[in-house]
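For any residue, its number in our numbering is found by taking its place in the sequence shown, counting from 1, and adding 77.
Honestly, the hints are just simulated from the structure, not real lab data. Some clues are possibly wrong.
Below, in silico cross-link-like pairs of lysine to aspartate or glutamate (DMTMM-like), each with a Cα-Cα straight-line distance of 20 Å or less [stated by the list, open to error]:
(1) K1030 / E1001
(2) K1030 / D994
(3) K545 / E559
(4) K545 / E561
(5) K545 / D557
(6) K545 / E383
(7) K1030 / D1003
(8) K487 / E459
(9) K487 / D431
(10) K487 / E276
(11) K545 / D373
Simulated restraints, written as ranges between beta carbons of each label pair [as the list claims (entries may be wrong)]:
(12) Q702 / R841: 45 to 53 Å
(13) H703 / P661: 20 to 28 Å
(14) P238 / H767: 32 to 40 Å
(15) P238 / A311: 21 to 29 Å
(16) G485 / P539: 37 to 45 Å
(17) R424 / A477: 25 to 33 Å
(18) L590 / N437: 30 to 38 Å
(19) L590 / A1032: 47 to 55 Å
(20) G529 / P238: 34 to 42 Å
(21) D819 / R666: 36 to 44 Å
(22) I919 / S745: 50 to 58 Å
If you're wondering where the values come from, they're calculated on a predicted model, not measured in any experiment. Beta carbons: idealized from backbone N, C-alpha and C, even for Gly.
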Amino acid sequence: MTEEKTDPVRLTVLGPVRLWRDGTEVQLGAPQVRALLAVLLAQVGTPVSLAEIVDVLWGQDPPATATNAVHGHVGALRRLLEPSLGAREHGRWLSRSAGGYQLAGDAESVDLLDFRRLLGQARAAVAAGRDGAAVAHFVAALRLPQGPCAANVSATVRSHPIFGGLERECLAGVREAADCALRAGRAAELVAGIQRIAERFPLDEPLQARLILLLAASGQQAQALALFGRVRTALVDDLGIDPGAELRAAYEAVLRQQHGTGTAAVGDRRPDTTRPDAAGPTGSPHPVRPAQLPPDLSTFVGRRGELARALSLIPEEGAEPGTVVISAISGMAGAGKTTLAVRWAHRVIGRYPDGQLYLNLHGFGPSDAVVSPDDALREIFETLGVAPDRIPESLDGRTALYRSLLAGRKMLVVLDNARDADQVRPLLPASPGCLAIVTSRNQLAGLVAVDGAYPLVLDTLPVRDAHKLLSLRIGGDRLDNEPEATAAILRRCGGLPLALAIVAARAATYPALSLASINAELDDEEGPLDVFADADSAVDPRAVFSWSYHALSPGAARLFRLLGGVRNGHDIGQPAAASLAGVPVREVRPLLTELTRASLVLQGDGSRYTMHDLLGAYADELARQHDSEAERREAWHRLLDHYLHTAHAAERLFSPLRPTVPLGPAPSTITVAPMCSADEALSWFVAERHTLVASIARAAADGLAGHAWQLARALEPFLFLRGHWEGWLPTMVSVLAATERDDDRTGQAYLTRVVGSILVRYGRYDEASVHLARSLRLFGDLGDRVGQAVGHRCLNDIRDRQNRTEEALEHARQALALYASVDDRNGQALALNAIGWTHARIGEYEPAVEHCNRALVIFEEVGNPRGLAATWDSLGFVHHCLAEYAQATQCYDEAIRIRGEIGDLTYEAASLDRLGDTLLAGGELDAALSTWHRALVIMAEVGHPRIDQVLAKLAGH
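With the hints as constraints, model all of the structure from the sequences given.
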């Protein structure tokens, strides 16, 4: 007999917040889900109040929906931790506790607890006088921190004191480890681990003092002395203070140790290039110390995480010989790459005493005058005072001379606006102690793969930082006086620093011009980019974007234009992009990669791509200039065909028993996204939901009523079962109008029923009845008995909600007769359950049980888990009404189990709500409260209409 496999979980917070399950990393999804996990991990094993969670996630200005949002994030986190349980149970990891939530864990599952365990073992060994044994525990503990605590969570969240407390806890352990290693004479075992952590705290004198002593004790006296010099410089430059007594004592101890050996470390001496008589390969006896950095902008905002990561890249003096730090900063045009590079360079300028070189390589500019490596090196030689007759002719010779000039020097090199890796590679220094910062719109994958560059991709600014940028440039009062116009401008600029700067310049130039007027200009221009136009091409988005566009291959340029023409503010997958272009997926992948590397589209999770609104507007302009109307229309039709045929296939997997509307074969020019299971279909609907809704609305507006209503019909089961019907009504009304213009009777029959069903959820029963009655007539004219039966079931629901139960029962019986006339077994079971429920509402419990039991048999026969769950829910209600609370609980548990397994969130929450009522009636108050809390988590996630009633129940008990 084999042992049952477990599903081990591993969670980390000492560095990036990450989750592994069964050895495979799980993507955490939304940033606030990751932030919530960070908060719970920081206090693992301890209840965290709802108020504290809200405070960490939103600070002083939480939204009105913060509490509901937390419940929703908890539900999402539960499903990540234990997908087999979903949101219907607490499970073993995350539970409700003391008015908040508590994350469980042990040393095997949580790195923080493992770190504490190892530190505890080390401290016990120290207390017993066994420093040697303690060192082994300290070594294991220091392998766990992988960067700043919660490193991949926003800087705003990380600034909360709970994360500062974790950092202090980590530092305390590091200091203890250093002291123990020094006492035990085993510095070499810990120096690398402590050095890695100490890089994050360059101004922590006690830690740096210990590292100096560790380096010296492990035979690295020269590195220890160099470290003291860097720390001293940083203290003076950043804090305006001299080293304290502990740091000075460590320095003096190293000096005494070095003096005792009689010499410095062999091989560590370098030529003194600052001596006037030390002529080098330049032929000049006075080496030049260039200082070419552009000024640091006083209006620099945000980029805290990116800057912190950049600063963390700079190693200590003891880096391996031959290494040089290279960072490649990439991002779309106008994202602020140069600004970040210059800010970073100014922050570390004191670490590079031999000077700073800055070159604009014009890789993307208003002309084709890209600076070649030959020309760039000649410019560098002129800066460094190399005599013209000493400059080699060949590129290899110039590269060798350049690297010889930088040998033994600590130089900072900024290579701005690079076109590709080949342009940059000859300009990279090879000397330890140098830093090369490269910026480019391309991602320079070759530089990362071949030259060991650290990639840093800039996204747009978050709203808070974008607001701050405007505030610095035009004044906070002006923004506060016009909050609505400010919000509209921020939306239009989309967090792009270039666009924000242009709007701010206009506002600053014309202080009498209201922000509302500027926003009106943004809305009134014929082209969305017109208001950003400027005589200076360097700040005109059209010109700036064009430099990236003209570097594309013809195929990538065409795809860029087509993407602009169909943009809807949402992302697109590879099969959809392939259909848009009319090519196979294997041909569209390299085109998307080219656009991504050029930062003209952004790649998200799961091979999905999105485009900034301003880039989309530019791409659309290009499409109108270069592609005929027929070409653009055909591309749009191909994309709609892709969505329609893929949605139809997904619907068959997601709702296999639902009556189908046949489609013709898919056109050969499109790609239908492959999927084989209900889970894959669900994932596709989740990923595409917003895009599909937007596409349906546009198709209706474009007169493509057939595409619109059939796509809406395929999407309907997912939307209703996942609770996403909010906002669906206006779209369905517009599609209904399109079918009426086309005299599409089948579409009208379907859409009048859908509109009626949505109105029911808003409590607008009279309007809903009108639409459903019309739907019945239309389906009758079409001879569609199943359509009529569904309509009667919808009317059964309305009359039940109106407490017109006799009428409700008659509609359910008519539905049963219609389903029976076409031998639709699944439909008959649906009608039998409706009849049983209605009998229970009337108080006729015996026929209620009889009809529900008949429904169960058929649902088992046809394999309909949703129908089974609905019927168990009905039986739970029957037993509750009979005061048979134990039987009712069993029925509700079965309904909740099934609904949780199939992801039927809307009705899972409803069953939980009713189960809470049953538990309360049976005298189990605590269980009822816990169950209502579970319902509330799901309701908050899906926007359930009954959330207020559940909140009232919780508040009343």
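Hints, one by one, checked against the model:
1. K1030 / E1001: Holds: K1030 and E1001 sit about 14 Å apart, inside 20 Å.
2. K1030 / D994: Holds. K1030 to D994 sits at ~9 Å (cutoff 20 Å).
3. K545 / E559: Status holds; Cα separation ~15 Å.
4. K545 / E561: Given pair K545, E561 holds - Cα atoms ~16 Å apart, limit 20 Å.
5. K545 / D557: holds (12 Å)
6. K545 / E383: holds (17 Å)
7. K1030 / D1003: holds (13 Å)
8. K487 / E459: With Cα atoms ~19 Å apart, K487 and E459 stay inside 20 Å; holds.
9. K487 / D431: holds (5 Å)
10. K487 / E276: Between K487 and E276 the Cα gap is close to 18 Å, so the pair holds against 20 Å.
11. K545 / D373: holds (17 Å)
12. Q702 / R841: 45 to 53 Å: holds (47 Å)
13. H703 / P661: 20 to 28 Å: Hint holds: Cβ distance 23 Å, inside 20 to 28 Å.
14. P238 / H767: 32 to 40 Å: holds (37 Å)
15. P238 / A311: 21 to 29 Å: holds (25 Å)
16. G485 / P539: 37 to 45 Å: holds (43 Å)
17. R424 / A477: 25 to 33 Å: holds (31 Å)
18. L590 / N437: 30 to 38 Å: The hinted range 30 to 38 Å holds for L590 and N437, with Cβ atoms some 33 Å apart.
19. L590 / A1032: 47 to 55 Å: Holds: the Cβ-Cβ distance is about 49 Å, inside 47 to 55 Å.
20. G529 / P238: 34 to 42 Å: holds (37 Å)
21. D819 / R666: 36 to 44 Å: holds (37 Å)
22. I919 / S745: 50 to 58 Å: holds (57 Å)
Of the numbered hints stated above, none is contradicted by the structure.
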